[in-house]
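K.L.:
Mind docking chain B on chain A? Use the hints.
Each chain, written out:
There are 2 protein chains.
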Amino acid sequence: MNILGVVVEYNPFHYGHAFHLQASKEKTEADLTIAIMSGSFLQRGEPAVLSSYDRAAVAAKTGCDLVFELPYAYAVQSADRFADGAVRLLKKAGATGICFGSEQGSIDPFLEQADIEKTHSLQLKQILRSKLNKGISFPAAYSEAVNELSVPHSLDVKQPNNILGLHYVKSAIREEISVDTIQRIAADYHDPEPTDSHIASATSIRIMLSSNRTKEAFAYVPERSASAISEQLQATGIIPGWENYYPYLQYRILTSSTEELMKIAECREGIEFRLKAAAEEPDFSRFMYRLKSKRYTQTSLQRLSTHILTNTTAADMEQALSVEPPLHLLAATSAGRKHLRLIGDKDIRPTVKGSSQRKSDPLSASAFDVHQLAFPVKSRLISYQQHAVMI
Amino acid sequence: MNILGVVVEYNPFHYGHAFHLQASKEKTEADLTIAIMSGSFLQRGEPAVLSSYDRAAVAAKTGCDLVFELPYAYAVQSADRFADGAVRLLKKAGATGICFGSEQGSIDPFLEQADIEKTHSLQLKQILRSKLNKGISFPAAYSEAVNELSVPHSLDVKQPNNILGLHYVKSAIREEISVDTIQRIAADYHDPEPTDSHIASATSIRIMLSSNRTKEAFAYVPERSASAISEQLQATGIIPGWENYYPYLQYRILTSSTEELMKIAECREGIEFRLKAAAEEPDFSRFMYRLKSKRYTQTSLQRLSTHILTNTTAADMEQALSVEPPLHLLAATSAGRKHLRLIGDKDIRPTVKGSSQRKSDPLSASAFDVHQLAFPVKSRLISYQQHAVMI
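Respectively, the protein sequence lines represent chains A and B. When the letters of the first sequence are read in order and numbered with the working numbering, they come out as residues 291 to 681. When the letters of the second sequence are read in order and numbered with the working numbering, they come out as residues 291 to 681.
So here's chain A without its partners, still in its complex pose:
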């Protein structure tokens, strides 16, 4: 039996995701599909436009049989840990292989690159360290380091989905599950405007949604995704974005001592004073502009902001990463539930209630509660009252 594993964010679920899901199922001849999905905050340090349960329900209605939450400690993370956590959870949930979308589109260059990096691991680390010491960001340093290795390679490691894919491949090799890739179509990851009539990046869709161009955005998302967005808009009037959380972030920075800020995950020395100064800005975009430097990418600053917002300390993060990542079910189809019963004999008990998640994964439960603060008081949900959605 082929059980396909996919790693997703679906923020929101759009035609590009639908294409990837369908193509992956076909390529791997999947009998069942398991998704590991970021929860309330995403890998790039952004709040989700819909709650994790709502996004999971759309995924389960659109082809994923089981949707589990990637714990906060792995989700709001650099690509290597993100991939590591997701692939470990997929293996645990019974996936026999994974398939990811990439700019590259064929798996061999990834396998070659993984092999090169294993063989030259020491040399690569040295070059990488000297680059990082010059103060450039990790993605740039990594790409330069790979090129300087002077080993012929065919994978373009400047492409964001190729880099992420490479981490999936390394994790899949380690976890001994099969791995494949399909080519991403049309929209580039960061494109602020759509480039194709039906495919747009999640980023461009979020921009449309946040600027009241809802109808326009709906041209790029399947109907089930559109109705989830509509329902939330009707109930709350809000599509969460950083601006909705900025008052809390600003308040937190304002009332934290620099010692308290230094305890936050990914807060490196020196940034605490810049955070204090930048928090005087009236909105999140000006805050980010004032914070940005050669040393920090926009993404790493957004992740840091997320950790400040959720008050996730380096100690909290270390603790969460030191234990086996828990499987928390967000949504399941009947086929998915059947699979769960089959693997139930083993030592795998996914939590299905928010109240259990509060114990097994307090960071994700707390992130859910913080995420809800964007909504008006009356429409807020509380993490421990949530249950996995059964489709």
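These are calculated hints, taken from the structure and not from any lab test. All values derive from a computational prediction rather than experimental measurement. Treat the hints loosely; a few may be bogus.
Said to hold, decoys possible - Straight-line Cα separation of at most 27 angstroms, BS3-like style, residue types lysine-lysine; simulated pairs: (1) K566/B x K643/A; (2) K668/B x K582/A; (3) K351/B x K582/B; (4) K421/A x K408/A; (5) K566/A x K351/B; (6) K668/A x K566/B; (7) K668/A x K649/B; (8) K668/B x K566/A.
P.N.:
Just chain B, lined up with the frame of chain A:
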């Protein structure tokens, strides 16, 4: 030269305050009047309806020659420390005596009571401790203890302004400045509705202001106070009350560990879990209702809430109380400035700029910034950009 000292909150300045100020000046034949005023948050743990500078400007226009801020560490405090900090600062600023309003109205019963408490201090402490151990609140325990002393006394220590006054008297004796009292008129401290045609309690005026009965409220405040309120309403649309800060308080409690909550000033063991549970409530009044117990008065819970909101730890408080309280000037008339030049020779240098206050009294500066969060982003002020108002 008679230099009168008064301890005020002026939240907002009303006819009762005007009466107290005028009567005190006449009774003490004052040549100059110095006020020590609470800043952004008040003794009973409530946000000020106007910023400290705006309230000070009204005071300076209405008969106070110098208005200094009572530092946060003394202002948001039990009556004894509040009185102690205020009287020490008045002495430092050159006041030769103080005069306070009380239900009692004549000074002798206060002097007698201070003497009784000095003579029977050990016995009183023992009774008080046994009362407190039974879990009743401090004011109730104190009043019962005084009655059980079985020493004849004529001061009614159940009246809130008599209790506060007694602390002023004890502090004045310690600081060796003269002390007098005048009788408060009409409205009781806590009266939610006005009882006289021109005198209403600040509480009842705040209720009118927060329920859009502005015109009605203006019958009880002098014109200068009314126009300060009108100006703020026009600029910001807001009269700050706890409901304006509840989203931040709720967010803070939600994202703080119980260990972090336990570090907050006045957070006594056991309340941290009740705080977590109560923070699920959608508004401040329901939060307070859920939190209330025999052990904590509404006032002590409001002070605790203020400390959580401003992230004031017990260690911060201890540090602030261990140094000489700084004199921070909020407003001055020309007569006040002349006095400042005269006392300038001595070791007294009041800070007049918010930027200096950030160094000399970071808790008050930070409380100012937090207080501003009630206002829309565009109309917010930053503590270090503020200057004393010269009238």
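K.L.:
Next step is simple, just say for each hint if it's right about the structure.
P.N.:
Each hint, compared with the structure:
1. K566/B x K643/A: holds, 20 angstroms
2. K668/B x K582/A: Holds. K668/B to K582/A sits at ~23 angstroms (cutoff 27 angstroms).
3. K351/B x K582/B: violated, 40 angstroms
4. K421/A x K408/A: Holds, at roughly 19 angstroms.
5. K566/A x K351/B: The given pair, whose Cα atoms are some 36 angstroms apart, is violated under the 27 angstroms limit.
6. K668/A x K566/B: holds, 19 angstroms
7. K668/A x K649/B: violated, 41 angstroms
8. K668/B x K566/A: holds, 19 angstroms
The structure fails to meet hints 3, 5, 7 from the earlier list, while all remaining hints are met.
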